[in-house]
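S.K.: Residue numbers (my numbering), protein chains in the order written: chain A, 1 to 256; chain B, 1001 to 1349.
Now the stretches of chain B that chain A is said to cover, found in silico as 3 or more residues with beta-carbon under 8 Å: (1) 1067 to 1080; (2) 1224 to 1231; (3) 1235 to 1244; (4) 1249 to 1263.
Treat the hints as calculated values from the structure; they're not laboratory data. Computed from a predicted structure; not experimentally measured. Glycine included, C-beta positions come from ideal geometry on N, C-alpha and C.
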Amino acid sequence: MKKCLRTFFAFCLLLFASSTTLAQESVCLTCHEDIAKDWRQSIHAANGISCNNCHGGDPKNLDNAMDPKMGFVGKPSEMEVPAFCGKCHVGVKENYTKSAHSINLVRGGPSCVTCHTAHKQKRAAISLISEDLCASCHSFERAEKIKNSMLMSETEITGLEKRLEALRIQGYDVRPSKKLLFATRNQFHRLTHVVDVDLILKETTGIQSEIERLKTEISGNEATEIKRKIFGAIFIIFLLIGAVIFWWYRNTILSE
Amino acid sequence: MIKRIFNAVDERVKLLEIYREHLSQYFVPAGLNIWYSMGAVLIVLFSIEIITGIFLLIHYVPHTKEAFESVTHISNAVPAGWLIRRVHAIGANLFVLVLFLHMFSVLIMGSYKKPREIHWFVGCIILGVTLTTCLSGYLLPWSQLSYWATTVATSFPGSIPVIGDWLVWFMRGSNPVSQETLGRFFAMHVSLIPFTILILTSIHIFVMRRTGISVPPWTDGTKKIPFFPHFVIEDLKVIYFFLAMLFIFVFFYPQISFPPDALDPADPLSTPAHIKPEWYFLANYQMLKLVPNEFLGIILQGTVAFFIFFLPLLDRKEERRVWKRPIFGTIVFLGIIAFIILTVWGHYS
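Full structure from sequences and hints, please.
M.R.: So this is what it looks like as structure tokens:
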């Protein structure tokens, strides 16, 4: 499992590094401005994932931009979408394949873009499970159960992200914790795609123990930061008192 | 026992004579205010930079593959490493600020005039060397901010005709900012520059002792006070105040020296948005952005620096009171306003 996650992160990092500059240079945007508008608002754009990273082709040359020899695959059919997105989102695809959504794909069941849209994907959040979206195909009851079972952990993960960022700004090395939280969050979000309440409840217990471990670590660093600030405040007060004493003493000896 | 040792030493090297000659029997004008203590604050801050720098040297690794990790190690694993690093970085900023204040007071009080021209020349060189120290130190953590700010700063001389490219290569040691740049910046930062500042400061203090402290222009200078304890206590008051300022930032606002880009390792493939130089270079940075030709911008800045450096030779009148020198006062006032506006503009641009 860990090996699988490591491979996934390494692949994502590699993809990110290679595409950061390309995202700005893609020639696709010259013709597909309507799609570009959506893409610019997406999590993909924010992370430098450009057109060619999903659709292939040459993003630097307009003539070869849609050349199959350059790996261009164009727009996937509805049936091809899970494999298309699953090139990067391996774990999500694995879980989705087990779900009722996937089984019913041939009968018009939902694929990735049904919920996440094709080009305007937002960062995955629990708010995506909503009555508006789910009830457009079936009753919300089952989806609501899934949402409620995940809500507490999701809120905690979001809170931990904010606390880690606050510590990072103070100079703490939070990279290991951030990696762990990122992995936990991914593992957690992947679960949603199985659409199985019992499995989610079972797995959430394991995720919760990871969250608790992170909470303890973060709380320890926060306590250290508070101690530093208290020590700092006392030290600064002593320095200011020193300045006042010198000011008073100088005035005294000058008046003598 | 201690008294006997002291007396034995004093009998041979005349310690008390030094004390009397340079402290208790050394008299300075009575009207000296806090502006006259900036030099003492600078000496304390310089000492702090040297001491904290030595501690940082113990763990810092000047190699592109290890520099960022070594700095992260200092901040997170070395006992009090976070404090030493913050004091060093924020102390450097405060040093530049106090140096600006010191030079501003000398300007306003006309203390650069005869017989103190050499003080001014040496002071200007100290400012230049200090800014070079800050620039070289900025690269050492090898963070995103370090890497890209140095790339931007070292690219400006490239616009100078004929020798521009060579100058850039000379500064960087290679085409992009790399291990060669880090190596030479590190060598400059920890050996050449601190010794240069030490020598220049010694010359500055030596000539100051030879000419005496300038009499404040609002007094006739007839009333005198002993340097010790009277003026030393005045110095201590200001030093303690500035140390309190330093530690307020160290403990409560370290972000002032460590913005988010300073917390990520350098990545030559990914340029972060809105890379800005440190606050004391923002005015120069913004000016270069405003002038359409970069070379012209450098010429303009060089001209301003030239006039500031040779000010004692250009302004030879004896009058030191700023209210009796309206043209000079207006130029200084407008210059400072322009510097502040360009700095703020550079920050938000």
